[in-house]
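Protein sequences appear in the order of chains D and G.
Numbered per the numbering used here, the first sequence spans residues 6 to 741.
Numbered per the numbering used here, the second sequence spans residues 38 to 195.
By construction, these hints were calculated from the structure, which means they are not laboratory data.
The beta-carbon is built from N, C-alpha and C at its ideal position, and this holds for glycine as well.
Check each hint, because a few of them may be wrong.
Stated by the list, open to error - Think about it this way: if two alpha-carbon atoms lie no more than 27 Å apart in a straight line, the pair counts; the simulated DSS-like pairs of lysine-lysine are:
#	chain 1	residue 1	chain 2	residue 2
1	D	Lys114	G	Lys100
2	G	Lys100	D	Lys252
3	G	Lys133	D	Lys114
Stated by the list, open to error - Covered, in the sense of this in silico footprint (three residues per stretch, anywhere, with C-beta under 8 Å from a C-beta of chain G), are these stretches of chain D:
#	stretch
4	26-32
5	405-415
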Amino acid sequence: MSWKAVHRWLGLTLGTLGVVLGVTGAMLAIDPVQQARQAPAAPADLTVATLVERVTRSVPGVEEIRRLPSGAIVVFGFAGDQPQASNVDPADGRVLGPWQASVLPRWVKNLHRSLLLGDAGRWAAAGTALAMGLLCGSALVLLLRRMGGWRRLASRVRGSLAQRIHVVAGRMVLAFLCLTSLTALTMSASTLGLVALDTRAEPDVLSVVTGQPALPGAQLPTLQRLAVQDLRKLNVPAGNDPQDTWKLATGQGQGWIDRSSGEMLAWQDATLAQRVYDLAVVLHTGEAAWPWAVVLGLVGTTVLLFWLSGIVIWWQARRLAPHITGSSPLAQADVLIFVASEGGSTWGFAQTLQDALSRGGHRVHTGALEHFRTTAATRQVFVLAATYGEGQAPAHASHVLENIARRSAGATPVTVVGFGDRQFPAFCGFADALDQALRAQGWPALLPLERIHQQSAQQFARWGMALAQELGEPLVLAHVPRLPPTTTLTLMTRQDYPGAGGGQATAILRFAWPARGLAARLRGSGLARFAAGDLVGIVPPGSAVPRYYSLASGWDDGFLEICVRQMPAGACSTHLLGLQPGEGVAAFIRPNPGFALPRTRKPVLLIGAGTGVAPLAGFIRRNDGHHPMHLYFGGRDPARDYFFGPEIQRWLGEGRLSTVQAVFSRVPGGGGYVQDALRRDAVQLRDWVTQGAIVRVCGGGAMARGVADALDEVLAPLQWSVAKLKAQERYAEDVF
Amino acid sequence: MSKPLLSLLATACALAQPALAHSRPVTLTAQLKSYGGDGAYLAAYLTDAKGGYVRTLWVAGGKAKYHRHLSDWSRLSAGDAKRLDGVTGASVGAGKTLKVTADLAEALIDAGYEIRIDAAAEDMRDSPSEVRIPLTKANAGKPQAGKQYIQTATFQLP
Numbered sequence: 006m007s008w009k010a011v012h013r014w015l016g017l018t019l020g021t022l023g024v025v026l027g028v029t030g031a032m033l034a035i036d037p038v039q040q041a042r043q044a045p046a047a048p049a050d051l052t053v054a055t056l057v058e059r060v061t062r063s064v065p066g067v068e069e070i071r072r073l074p075s076g077a078i079v080v081f082g083f084a085g086d087q088p089q090a091s092n093v094d095p096a097d098g099r100v101l102g103p104w105q106a107s108v109l110p111r112w113v114k115n116l117h118r119s120l121l122l123g124d125a126g127r128w129a130a131a132g133t134a135l136a137m138g139l140l141c142g143s144a145l146v147l148l149l150r151r152m153g154g155w156r157r158l159a160s161r162v163r164g165s166l167a168q169r170i171h172v173v174a175g176r177m178v179l180a181f182l183c184l185t186s187l188t189a190l191t192m193s194a195s196t197l198g199l200v201a202l203d204t205r206a207e208p209d210v211l212s213v214v215t216g217q218p219a220l221p222g223a224q225l226p227t228l229q230r231l232a233v234q235d236l237r238k239l240n241v242p243a244g245n246d247p248q249d250t251w252k253l254a255t256g257q258g259q260g261w262i263d264r265s266s267g268e269m270l271a272w273q274d275a276t277l278a279q280r281v282y283d284l285a286v287v288l289h290t291g292e293a294a295w296p297w298a299v300v301l302g303l304v305g306t307t308v309l310l311f312w313l314s315g316i317v318i319w320w321q322a323r324r325l326a327p328h329i330t331g332s333s334p335l336a337q338a339d340v341l342i343f344v345a346s347e348g349g350s351t352w353g354f355a356q357t358l359q360d361a362l363s364r365g366g367h368r369v370h371t372g373a374l375e376h377f378r379t380t381a382a383t384r385q386v387f388v389l390a391a392t393y394g395e396g397q398a399p400a401h402a403s404h405v406l407e408n409i410a411r412r413s414a415g416a417t418p419v420t421v422v423g424f425g426d427r428q429f430p431a432f433c434g435f436a437d438a439l440d441q442a443l444r445a446q447g448w449p450a451l452l453p454l455e456r457i458h459q460q461s462a463q464q465f466a467r468w469g470m471a472l473a474q475e476l477g478e479p480l481v482l483a484h485v486p487r488l489p490p491t492t493t494l495t496l497m498t499r500q501d502y503p504g505a506g507g508g509q510a511t512a513i514l515r516f517a518w519p520a521r522g523l524a525a526r527l528r529g530s531g532l533a534r535f536a537a538g539d540l541v542g543i544v545p546p547g548s549a550v551p552r553y554y555s556l557a558s559g560w561d562d563g564f565l566e567i568c569v570r571q572m573p574a575g576a577c578s579t580h581l582l583g584l585q586p587g588e589g590v591a592a593f594i595r596p597n598p599g600f601a602l603p604r605t606r607k608p609v610l611l612i613g614a615g616t617g618v619a620p621l622a623g624f625i626r627r628n629d630g631h632h633p634m635h636l637y638f639g640g641r642d643p644a645r646d647y648f649f650g651p652e653i654q655r656w657l658g659e660g661r662l663s664t665v666q667a668v669f670s671r672v673p674g675g676g677g678y679v680q681d682a683l684r685r686d687a688v689q690l691r692d693w694v695t696q697g698a699i700v701r702v703c704g705g706g707a708m709a710r711g712v713a714d715a716l717d718e719v720l721a722p723l724q725w726s727v728a729k730l731k732a733q734e735r736y737a738e739d740v741f
Numbered sequence: 038m039s040k041p042l043l044s045l046l047a048t049a050c051a052l053a054q055p056a057l058a059h060s061r062p063v064t065l066t067a068q069l070k071s072y073g074g075d076g077a078y079l080a081a082y083l084t085d086a087k088g089g090y091v092r093t094l095w096v097a098g099g100k101a102k103y104h105r106h107l108s109d110w111s112r113l114s115a116g117d118a119k120r121l122d123g124v125t126g127a128s129v130g131a132g133k134t135l136k137v138t139a140d141l142a143e144a145l146i147d148a149g150y151e152i153r154i155d156a157a158a159e160d161m162r163d164s165p166s167e168v169r170i171p172l173t174k175a176n177a178g179k180p181q182a183g184k185q186y187i188q189t190a191t192f193q194l195p
């Protein structure tokens, strides 16, 4: 069973009991806070002897003095035949009022530890604690996988509101929940009798009757040496029994003191099991430090949050599960398609391939990659593999590589198509590994490994043409990606540029999106949250294929802004540029995590040409921390295509942008291309890179290659290169 | 004579006696106060004239972890490996009554023996020797008050 399955099913089943324990635990955290408010702690230098003297003066008939983990002093005694328990001020022995173990009704604690079911309930609670521990362990594995390793753990979380709540809260409290589960199990182990804390009998000791009067507590040498901070409990010998002893308990152990001589008659060190148990209690209850109790209380409440958001996530996943239609049985199929997909989008491509091959008369079977195998009837095998995080396999296919390595090769060609995102260092990493493993085993291939960038339908169609040629049959892969639900954006304002040279008009369009309710946000329906650098998919009317534009604003800016250039015969750009304020367009958000700017204090180098400045402008707009950002902008003519020009000047003044180099290629003395500007500033660039600069490049493909070449030249003396920066995830491109 | 040896002798006699002499079922009833806490742990046991441990009559509360809070009984009975054999039950809730029966040898009555009950409850104070009732015919049926947890404790001879 995969970690995901373990996490999901434990969460949905025993997680329900976990909610009961979490919420009652949060209630119980009130007690340490209340206790700390109620009674002052003893001063650090106070000895037990002095405390005993003060207490015996103000409370007659003292039988027992306890120092609670909070530091408060409680004195037990009798007033007549009425047993009394009082909080006492250790500074002067004054009685502050009656002591109560808890302000909560008893059932809260009993519900927390035994679900009000006695011993059976204690086992159930311990089982729940164990389940919580497993949930924490599986959560850590899934969290690291989702975020792409420890180094990216703190980066921005994507997904629906429920997913973000689950992941962000998990990131914060996972360690605490894990500790709470462990300490709960430690406590359960002794309560359920699995571990004996101390099996020794108490020593049978008596005070020696000498005829001398008993020593008052203040004169006992042991108590004079002992600080109140180290005290747990002190039992005063009964007045009418000359053989009775003082009994002292500290964190280190317990001792019995002769009431006449003041000598320690016996001492038992606390066992290791006892010390571990004591530590577990303090960590689990927070009774020693109220701020810790507050933390534990908050952590307890989050269990409810995890459970609720987890249910929503599970429901979402069920709805989005892949459905392949028209697949033939494995044994009769001559073409097999195996899919490895985390999100499910790769299944859509498999469906397109299957449908196209079926139209050509093949019998095609499509299945998940973990079921990889061939039969006597198989003539062709295709593997469509997405990569997850840092080159990992999608969870369901995590053992596929080992299975392939164990299996002897057949003569059937196995062709691999990878799906990924070029921004990630391990672009199609899993597909690469898969292809290598297959070749190493000796499987032939019909076509070399193809790597599809960002689910590009166009690239998939081109691969389809190559495939048709190899197969010698007509085949058209017209993949229509299953579009995410769209939201209607309303145009608020537009800022028009006439365009330069070719005269292609360009506009910066600013849209508003409709508000959505909490339920929609939890499910992740409606417009997803976005940040500058993410993509917005625009679906022009009458088309099923979206075009993607880089976002020049983030959700927090309160508007959605893009920079659109008229493309020759471009249906989408024509539609967008024809919009008037108040008119709407169907859109959805596609995250572009590889390009997002991490939180950093390092210098940020932004290089953009033409409309490619849009996401960079979005980064600068959000630079509220005034971190060093340096912009290189390349246009043609400052009078015609200096997009965001006035804003850039304003951001410079506000300190959001440190420097700007704007160059224009079509005007005399304009400075040429951005590459030229980079070469001119070589010394400065080397300095920034040495300081750990992060680089973002956005523009056309030729421009991006030119920039990379220029930077390689500039950085060569430092033994640095763009490839090296990419490997450190400091360099990303958004190329169109 | 040393104390352990004395207790050993006493135990040996007490255990040997039922076979030699007539024994009778003694019913012990302890009515708990409404002390406002979780179920109390109780240990009822028999001591001899010198305060030595003879045998355990009943222990209410099954978690060994808490037995050391019944401190007199826990200390005195430490040498008795079979002290819990067949004489344990659930802890007794506040305001509830514990009623148990034990077979005691005729010879133990009016011979200086004493029934003691230790009591303890979570988060509250331990009460060793909460009640001590001399095992005499005169005391039979006479309720005795406890210190902290027990309203009245009574033993009945048939």
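So, going through the hints one by one against the coordinates:
1. Between D:Lys114 and G:Lys100, the direct Cα distance comes to roughly 17 Å. Compliance with the 27 Å bound is thereby established for this hinted pair.
2. For the given pair, G:Lys100 sits about 23 Å from D:Lys252 by alpha-carbon distance, which is consistent with the 27 Å threshold.
3. Between G:Lys133 and D:Lys114 the CA atoms are separated by roughly 21 Å; this keeps the pair inside 27 Å, and the hint holds.
4. Under the rule that three or more residues need a Cβ within less than 8 Å of chain G, the assignment of the stretch 26-32 of chain D is violated, with 0 such residues.
5. Counting residues of the stretch 405-415 of chain D whose C-beta lies closer than 8 Å to any C-beta of chain G gives 0; at least three are required, and the coverage claim is violated.
The structure fails hints 4, 5 (numbered hints given earlier, in ascending order).
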